[in-house]
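Following the hints, complete the assembly by docking chain B onto the known chain A.
What follows is each chain in one-letter form.
Protein chains: 2
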Amino acid sequence: MSAVKSKRMPRAVREQQMMDAAVRTFGQRGYRAASMDEIAELAGVSKPLVYLYLNSKEELFTACIRRESKALVEAVQAAVEPGMPADRQLWAGLRGFFTHTAENPDGWAVLHQQASSHGEPFVSEVGALREEIVAFVTGLIGAAAREAHSDPALPDRDVAGLAQALVGAAEALAGWANVTPGVSAKEAASTLMNFSWAGLENLMHGRGWQSRED
Amino acid sequence: MSAVKSKRMPRAVREQQMMDAAVRTFGQRGYRAASMDEIAELAGVSKPLVYLYLNSKEELFTACIRRESKALVEAVQAAVEPGMPADRQLWAGLRGFFTHTAENPDGWAVLHQQASSHGEPFVSEVGALREEIVAFVTGLIGAAAREAHSDPALPDRDVAGLAQALVGAAEALAGWANVTPGVSAKEAASTLMNFSWAGLENLMHGRGWQSRED
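Read top to bottom, the protein sequences are chains A and B. Residue numbers for the first sequence follow our numbering, beginning at 116 and rising by one. Residue numbers for the second sequence follow our numbering, beginning at 116 and rising by one.
In case anyone wonders, no lab produced these hints; they're calculated from the structure. There may be inaccurate statements among the hints.
Same chains, same label: a pair holds when it works inside one copy or across any pair of copies.
Claimed, not checked - Below, computed lysine to any residue pairings styled on SDA-like, alpha-carbon distance capped at 20 Å:
{"#": "1", "residue 1": "172", "residue 2": "235"}
{"#": "2", "residue 1": "162", "residue 2": "150"}
{"#": "3", "residue 1": "301", "residue 2": "270"}
{"#": "4", "residue 1": "172", "residue 2": "234"}
This structure is a prediction, so every number in the text was calculated from the model and none was measured.
So that you can see chain A by itself, here it is in the shape it has in the complex (with noise of 0.2 Å):
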């Protein structure tokens, strides 16, 4: 008995290495050619003990949705250090997100395109995690914009929309950048990094680019 004892894993690291297996076979297969086979044996278990920790297919995809939300909001906060200039923070935060969507391409791929393709409850998940981010994003760019103490200060409407155009194109190129031979995170990090920051500075000092004819 106490031979059999020592082998046995603590419930939690199993669980873990099976959502292990499960988010490397959502990831790659998708969500609907993913079988709860194939991930009891990617993992080294039997099937019902799958069913026994994660109850359903739907919910061990729920699981994973929520770790691969948690670790992504983790790795973009814990990169970002509050008391730098605004451009380095927003530096730290691009290349921690890109260095995780990258490191976990698999947890991206199941988040940004399982789990928004295949109906509720996913999609709501997967919100949920976007509205973190963009909450997030929305603060770093208002703190920035009050350092500025630019003079009309930057409407808290302009932040917010200019905190959704970040993420969106954030969440652009790390698909892209993960499909694509040879971008490195360091790469993508710095596409973004050019793209916005000039733009951004600029609205914190209240310029910005002026229509001539409309």
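Here is chain B on its own, set in the frame of chain A:
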């Protein structure tokens, strides 16, 4: 007989009416929740006639995606006058894009939310639209970069990444603008122009944000 005949609408006209009703219903209620009964009623025709013309809910939805995609691409292309300076072209394209998505909120909801969140074959249909828009934007940025004669020239891969970023930002902003009271198409276009133009212009002239530490 001739009285009845004269009341008959040509098939193409009736089909457009059915698709107008379908886009509105799919956009407002979602693909799953929308019923063929509802669509037929809104179009003022019998349900069998909808099936006769469009075969199935899936084919009707696919037809809606194609029609709305085509209309969006044409609106953007029509807005851009080749030969104008690069910033005017971008501004005109953004105005065209946001005006179209604001004027056709149901069509945009079909493309941006519904088509991408209900699996295949819809995800591929809307993916084809995205590729067409990205290709058009890639052409614009590439032409502008060549005009600017930057030295070294902006590499094709950077142009491709920038097009991804711009399209991702535009998609996110259009979704946000359509659910945020009081954000006009012109404001959304202006936000994205201010956000993106300074960075693009810098890149076209071989300038960019310089990381000071890494």
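Status of the hints after comparison with the structure:
1. Proximity of residue 172 and residue 235 under a CA criterion of 20 Å is satisfied in both settings, with 14 Å inside one chain copy and 19 Å between copies.
2. Only within a single protomer do residue 162 and residue 150 lie at most 20 Å apart by alpha-carbon distance; the minimum there is 10 Å, versus 37 Å between protomers.
3. Taking the shortest alpha-carbon separations for residue 301 and residue 270, only the inter-copy value of 16 Å comes in at or below 20 Å, while the best intra-copy value is 31 Å.
4. Within a single copy, residue 172 and residue 234 get their C-alpha atoms as close as 14 Å, and across copies as close as 16 Å, so both meet the 20 Å cut-off.
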